[in-house]
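Throughout the first sequence, residue numbering follows the working numbering, covering 4 to 442 in sequence.
Mixed in with the good hints, there may be bad ones.
SDA-like mimics (lysine to any residue), calculated; alpha carbons at most 20 angstroms apart, straight line [unchecked claim]: (1) Lys315 to Ala182; (2) Lys432 to Gly417; (3) Lys59 to Gln43; (4) Lys315 to Arg130.
Label pairs and their in silico Cβ distance ranges [as the list claims (entries may be wrong)]: (5) Pro388 to Ala160: 34 to 44 angstroms; (6) Glu207 to Ala42: 28 to 38 angstroms; (7) Ser270 to Glu27: 21 to 31 angstroms; (8) Ser163 to Lys51: 26 to 36 angstroms; (9) Asn13 to Lys161: 50 to 60 angstroms; (10) Glu352 to Ala160: 16 to 26 angstroms; (11) Ser77 to Pro388: 34 to 44 angstroms; (12) Gln252 to Glu220: 28 to 38 angstroms; (13) Gln252 to Ser165: 41 to 51 angstroms; (14) Ser270 to Pro388: 37 to 47 angstroms; (15) Glu99 to Ser266: 19 to 29 angstroms; (16) Ala22 to Thr133: 34 to 44 angstroms; (17) Gln72 to Asp12: 24 to 34 angstroms.
For the record, the hints were derived by calculation from the structure and aren't laboratory data.
All C-beta atoms, glycine included, are put in the ideal place defined by N, C-alpha and C.
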Amino acid sequence: MHDIRAIRDNPEAFDEGLARRGLEGLSSEVLGLDEQRRAQILLAETGKADLNKLSKQAGEAKAGGDAAQFQEISESVSVRKSLIAANVELAEALDEKLRDMLMTIPNLPLDEVPDGRDEADNVEIHRWGTPRNFNFAPKEHFDIEGVKPGMDFATAAKLSGSRFVVLKGAVTRVHRALAQMMLDTHVEDHGLTELWTPVLVKSEAMYGTNQLPKFAEDSYQTTNGWWLIPTAEVTLTNTVAGEILEEAQLPIRMTAHTQCFRSEAGSSGKDTTGMLRQHQFEKVEMVTICTPQTALAEHARMTNCAQAILEKLGLPYRTIVLCTGDMGFGAQKTHDLEVWLPGQNKYREISSVSTCGPFQARRMNARYRPRMAEGTGKAETAAKPEFLATLNGSGLAIGRCLIAVLENGQQADGSVELPAVLHPYLRGKTRISSAGVLE
RNA sequence: GGAGAGGUGGCGGAGUGGUCGAUCGCGCCGGUCUCGAAAACCGGAGUGGGUGCAAGCCCACCGUGGGUUCGAAUCCCACCCUCUCCGCCA
Numbered sequence: 004m005h006d007i008r009a010i011r012d013n014p015e016a017f018d019e020g021l022a023r024r025g026l027e028g029l030s031s032e033v034l035g036l037d038e039q040r041r042a043q044i045l046l047a048e049t050g051k052a053d054l055n056k057l058s059k060q061a062g063e064a065k066a067g068g069d070a071a072q073f074q075e076i077s078e079s080v081s082v083r084k085s086l087i088a089a090n091v092e093l094a095e096a097l098d099e100k101l102r103d104m105l106m107t108i109p110n111l112p113l114d115e116v117p118d119g120r121d122e123a124d125n126v127e128i129h130r131w132g133t134p135r136n137f138n139f140a141p142k143e144h145f146d147i148e149g150v151k152p153g154m155d156f157a158t159a160a161k162l163s164g165s166r167f168v169v170l171k172g173a174v175t176r177v178h179r180a181l182a183q184m185m186l187d188t189h190v191e192d193h194g195l196t197e198l199w200t201p202v203l204v205k206s207e208a209m210y211g212t213n214q215l216p217k218f219a220e221d222s223y224q225t226t227n228g229w230w231l232i233p234t235a236e237v238t239l240t241n242t243v244a245g246e247i248l249e250e251a252q253l254p255i256r257m258t259a260h261t262q263c264f265r266s267e268a269g270s271s272g273k274d275t276t277g278m279l280r281q282h283q284f285e286k287v288e289m290v291t292i293c294t295p296q297t298a299l300a301e302h303a304r305m306t307n308c309a310q311a312i313l314e315k316l317g318l319p320y321r322t323i324v325l326c327t328g329d330m331g332f333g334a335q336k337t338h339d340l341e342v343w344l345p346g347q348n349k350y351r352e353i354s355s356v357s358t359c360g361p362f363q364a365r366r367m368n369a370r371y372r373p374r375m376a377e378g379t380g381k382a383e384t385a386a387k388p389e390f391l392a393t394l395n396g397s398g399l400a401i402g403r404c405l406i407a408v409l410e411n412g413q414q415a416d417g418s419v420e421l422p423a424v425l426h427p428y429l430r431g432k433t434r435i436s437s438a439g440v441l442e
């Protein structure tokens, strides 16, 4: 959510930011509403101040035993009350209207983010690994002989419909090994704290991380009002909602392995075969809570954490900066990691790492108390709470990572050689045979 | 699901109709003392909003939403949440 003061102070910058995202300027609309709202607040509060004064006088009259005076004041109060109530109601309505408007306006891109309309304008900033030279035509994951017995879309369709999968045998072991390897790496090599969280959350949490109010149709809701999280960003980030942290506690770097649920409402027809795009999938998520000043450094760090996983797996990838027109709603800057999928002969998104600045924190009312500079301890310099910065990134999407491992490791005979880093997690097994057996 | 207790400022914990935005303790900040620190003592400090060049003034906030009253943290109603015990259960 945007800070109305910032818009008031610099409406041009606000509109320029929106323009960079390909959106119409909204400052005049927002500020017009803000002005109305403030005028109404003034009206309502003046009325309330009046009433408060009269109440006090009534109390004094009563204490002084002046019944006539008390009677007169009481009556004058009741006459004014309804008018003031109407003013208060209108003020609240305008306040809510402004808040609702601010809630649906996306975050502004940082200066350094490249301008552009869509994914064609994204900029590659890093490339690692060389796609293997296959001496045969590499297949997509669901067509590889050794994978077929372990990836059952027909049975999943019977149970749940399209965009679901049943994994069996060797493939489940690899899937599970990937999750463990990612978590262990983040915890031990990268110093993140592992959390295990609910996947059912209240609406407030979904508001905090921008899924609501604008993107309700992308997620699932239970009959009693809980939402199924589309990503652990929701639970991890909202752990600090409503809190005031001490600067010394920062940064807080978290990771969690969870199920994720997405309706994929806007993507019918896209990636319909295979398990690239599912309604239910697993992901290891990373979230950092820090000061706005350190957010960019943390963003770079988090990108490295995600890249490290792909490098450990020996999977070729590239990292791109999303252009202004392709960034998600809450992001100030986003890196996407794209892994090489030989079956598709393409790089495909496997991780998205974003800094939101104080945008989500403002929604969540998540703040920190800045450390005071030494020797400046006057009362007026006492540290006021400020909004935190929040960052999130996949580290990584496990299903997509599984696909990448299978496609990149496939052999001419339909077997799959698995990355060495996974062998310990497979009790020394190194490959899936063309018959689908882990050996 | 049943019974009970409770939700107050950064934390702990008072407060049961009118200078209570809230006693007190801890923690925090400044000062005195000290070579320096600790202790002790003195002083300061809630959050959000409106208004004003500013000093300041005003409004709201004691889980949430209603109600009673001239006036509510305090009384009434509904809801939410937490904790304890019992039951059931992975």
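Tell me if the beta carbons of Asn13 and Lys161 are separated by a distance inside 50 to 60 angstroms. Check passed, 57 angstroms falls within 50 to 60 angstroms.
Using the C-beta atoms of Gln72 and Asp12, is the stated range 24 to 34 angstroms upheld? At roughly 49 angstroms between Cβ atoms, Asp12 and Gln72 fall outside 24 to 34 angstroms, so the hint is violated.
Pro388 paired with Ala160, Cβ distance criterion 34 to 44 angstroms: Since the Cβ atoms of Pro388 and Ala160 sit about 51 angstroms apart, the hinted range of 34 to 44 angstroms is violated.
Range hint 41 to 51 angstroms: satisfied by the CB atoms of Gln252 and Ser165? holds, 45 angstroms
Run the distance test for Lys59 versus Gln43: straight-line Cα separation, threshold 20 angstroms. violated, 25 angstroms
Looking only at beta-carbon atoms, does the pair Gln252, Glu220 fall within the given range of 28 to 38 angstroms? holds, 37 angstroms
Taking the CB of Ser77 and the CB of Pro388, does the distance hold inside 34 to 44 angstroms? holds, 42 angstroms
When you take the CB atoms of Glu207 and Ala42, is the distance between them in 28 to 38 angstroms? holds, 30 angstroms
Does the Cβ distance between Ser270 and Glu27 fall inside 21 to 31 angstroms? holds, 26 angstroms
Agreement of Lys315 and Ala182 with the hint, judged by alpha carbon distance not exceeding 20 angstroms: Distance of about 13 angstroms is within 20 angstroms: holds.
Holds or violated: the 16 to 26 angstroms window for the beta-carbon distance between Glu352 and Ala160? holds, 25 angstroms
For Glu99 and Ser266, compare the CB-CB distance with the range 19 to 29 angstroms and indicate the outcome. holds, 28 angstroms
Checked against the numbered hints given earlier, the structure breaks hints 3, 5, 8 and 17 and satisfies all the rest.
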